[in-house]
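Undergrad: Next come the chains, spelled out residue by residue.
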Amino acid sequence: MGNLRESNLVYTALVRESKHLEPTLVLTAVRLALLSDAATQQFVPLLRVLFHRAGFDASIYEGHFDAVALESLNPGSGLYSFQPDAVAVINSVQALRAKFFQRAGTVTAFVADTLLEIVGSWDAILARDAVTLLQSTYVMPYERMFGNFDRKVEESFSSAVEAINTGIVDAARVRSAVLINDVQHIASWVGRHRWFDDRLWDMAKSFCALDHLPAVARNIVDIVLSARGRIVKCVILDLDNTLWGGVIGDDGIDGIVLNVHGSGESFYRFQCFLKELRKRGILLAVCSKNEMSNALLPFEKHPDMVLRREDITVFQANWDDKTANIRVIQQVLNIGLDSMVFLDDNPFERNLVRGVLPEVIVPELPEDPADYVRAISELNLFETASFSNVDLQRTDLYRAEAERRAEQASFANAGDFLRSLKMRIVVARFDAFHLPRIAQLLQRSNQFNLTTHRYSELECAYLMSSSSVVPLYVKLADRLGDHGLIGVVVVEPEGETLVVRDWLMSCRVLARGVEDYLMNCIVAEASTRGLKTVCGEYIRTAKNQMVKDFYGRFGFTRHSGDGDHALWSLDTSAYESRETFIQPVTEANQAN
Amino acid sequence: MTAVFCEVFDDDSIEIYPEMIAANVESWDSITHINLIVALEQEFKLRFNTADVASMKNVGDLECLIRQKVNQA
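If you read the sequences in order, they're chains A and B.
The opening position of the first sequence corresponds to residue 7 in our numbering, with each subsequent residue numbered one higher.
The opening position of the second sequence corresponds to residue 58 in our numbering, with each subsequent residue numbered one higher.
Hints in this document: simulated from the structure, not taken from any laboratory.
We treat Cβ as the ideally placed atom computed from N, Cα and C, and that holds for glycine.
Each hint should be verified, as a subset may be incorrect.
Computed list of chain A residues with no C-beta within reach of chain B, every gap over 10 Å [as the list claims (entries may be wrong)]:
1) Leu-33
2) Ala-45
3) Tyr-67
4) Pro-81
5) Arg-103
6) Ala-110
7) Phe-152
8) Val-175
9) Ala-210
10) Asp-256
11) Arg-284
12) Arg-356
13) Ala-517
14) Thr-539
15) Met-552
Here are the simulated EDC-like cross-link-like pairs (lysine to aspartate or glutamate), alpha carbons at most 16 Å apart as the crow flies [to be verified]:
16) A/Lys-25 x B/Glu-83
17) A/Lys-281 x A/Glu-316
18) A/Lys-25 x B/Asp-67
19) A/Lys-554 x A/Asp-570
20) B/Lys-102 x A/Asp-217
21) A/Lys-281 x A/Asp-317
22) A/Lys-428 x A/Glu-365
23) A/Lys-25 x B/Asp-109
24) A/Lys-25 x B/Asp-68
25) A/Lys-25 x B/Asp-69
26) A/Lys-239 x A/Glu-365
27) A/Lys-105 x A/Glu-123
For reference, chain A alone in the conformation it holds in the complex:
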C-alpha cells in the first residue's frame, strides 16, 4: 500500500510500466471484471500496474462494450465463466447523455428506468456469484440548458444525473456487497473543465481525458484492496509542528501555536480531522521525541486542543528511535505494520521509518500545515468496505484492554486474574443480525487465522443457510467491558470426521482461554455426533505464523502437508478437556 500512495500516476508512464511487470513469487491473485459503456482497454494496463505495486497479480476480464445488462443477465456470459472476485461497473455520463436526448417518455421515467437497469444488473450478478461489486457514480455533466435555473428544473439533464446518483447510493446502502466507486468525487476534484475530452470519447469512447484515467484506476484498486482487508487501522502522530506549531519543550504551553482562528487554525483543523477519524474507529497513537510530562501538557491543559489524552490509545513520548516506538505501538495494539500510517512533519523521521519499517505507510506532508488535511485526503488512505457500530467503540475496547493489562500485573497468577475477569462467552450459529460484523472479522483477521478464507457477507449468508455446515460466531464480555464479536469457527461433518474449515479470532482476546474453550466445544460437538476424529487445517499467509502449530498444542498429529499447508487430526477419545474460566451464556444474557 505504501508504494501505491507515493507512486506517480502519469498515464504514459503507467502504460509503459505495465509492459515490464516483474514476476515475483509473493503476489496474491485477484480477478477483476470490468463492465462499461466506455472503453475499458485503457484501464487494463493501469489496473495491472497499480495492483502489482500493491502485491497483487490481477487477471482482468473486459466485458463487451456497452453490454452491462447483457453480461449480467446471461448465465452463459463471459463474465460468469471468468469467475471474478470483484466486478467494477463503470458508467459514463457521455453514454447516458446520448440516451437522455433520445428518450421517448418523461425524465422521471428515464431516471427510474436507468436505475432499474443498473440495480437489476447488480442483483443478477450478486444472485449468481459472491463478489464485491463496484458501481461508479456518474460525473455531473457540464451543459446547463436553463443556466443556474437547471437545479430548479427536475427535467434538466443535470437534475436527472443527480437523481440517478442518489438512487445508486440509496440502493448500494442496502446491499453490503455493492461498494461505490465515486468517480464524480474524483472528477470534481480535478475539475470537469479538465476532466472531459470529448474528442477522445468520439474517437475511441475514452472515459475521460487520459491524464485522469489513473485516478479512476487507483480508486478501483483502493476499493478492491479494502474489501480484501487492506485497511488502515491506526494513525501514529508526531507532536511538535505536526499537532501544534512550535516545540512544547522549548516554547511551553503558552508558546505553541494552536488556535481555533488565526495562525494556529491549520493545526486546529488537522486535529478536528483526526478526531473525526477516531470517532469512526481509526485508532490514534502518539510517537514523539519529548519528555512525557511535556508531551502530555497540551492534551491536559491547552484550551484549543481538540484531541485529548483519552483520544490517544498508545502514547509514546521519549527519546528513543521512532521506529522502536512504532514497534511498541504495534505490539500493544496487535495489528499489522501495513495497517498503520505515520504522520510526521520531519523528513528525516519519515525517511527513517520508510527505511526501517517499509510496510508502514508514510505519506509526504506538505511544508505548510494549512495543507495537511488536503494532502492526506487526496491520498485516500482511509478506504473501507464496511462500517458498523464496533468501529465506533474500538478506541474504548483498546483502552479497556490497557486497563486489563495493568490489572494482570497485580495478580499472583494468571488463573486468579482470568477468574477475576468473570468472562462470559456466546457461541452461536451465524444469524442475519451479526452477518456484517462476521464478514468484517473475516476480512480483517490476519494473525490468528488458520485458513484465511476471506468470505464476503454474501458467502457468509450462504454458510448461514447451509444444512451441512455449522458456522459459529463467538462473542466475549467480561467485568471490564464487552469485546463484542471476536471469533468465527466453521465446522463441517465429513464421514467419520468433524472438519474445522475456518477458525479465526481477534488478537485482542488471546491468552484468556477462549481458544481452549472453543476447542472443548469442537471436540464435544464431534463426540455428540459420534464422530471419532477432528481434523484441522493450516494455510500459511504472510501474517499467520502465530498459529502455525496451533493444532499441535492441543495434541493433534500432523499427518500431511508441509509448513505452508498442513492437515492435522485428533482422536476425540484422546482429548483432555481444558480448564477455562469462561462462563457460557446465551445472547440475551450476555449483556447482564
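For chain A, the structure is supplied; the task is to place chain B on it using the hints.
TA: Relative to chain A, chain B alone:
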C-alpha cells in the same frame, strides 16, 4: 516525433517515415492511436481537432499537421 513513437509503442528501434501507416506497426490499434495523439499533443504543446485526426492518412500527414500547428503558434 520518433522519441514519442518509441515511448508510445514501447520500442526503441522504431523508425518513422512519411508513408508509414498503422498497419506497419504491430501494436498500433485504436487505443494506442489515442495514446499517440495525446502524447504528441503533450510533447509539442498543441491540440488536434477531431477533423485533423480523421483526415490523417499516414505519418507524413501527421508530421505536416504538427509543423503547421507549431508554426502557427
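Undergrad: When the structure is checked against the list of hints, which entries are broken? Sort them ascending.
TA: Result: hints 2, 9, 22 and 23 break, sorted rising.
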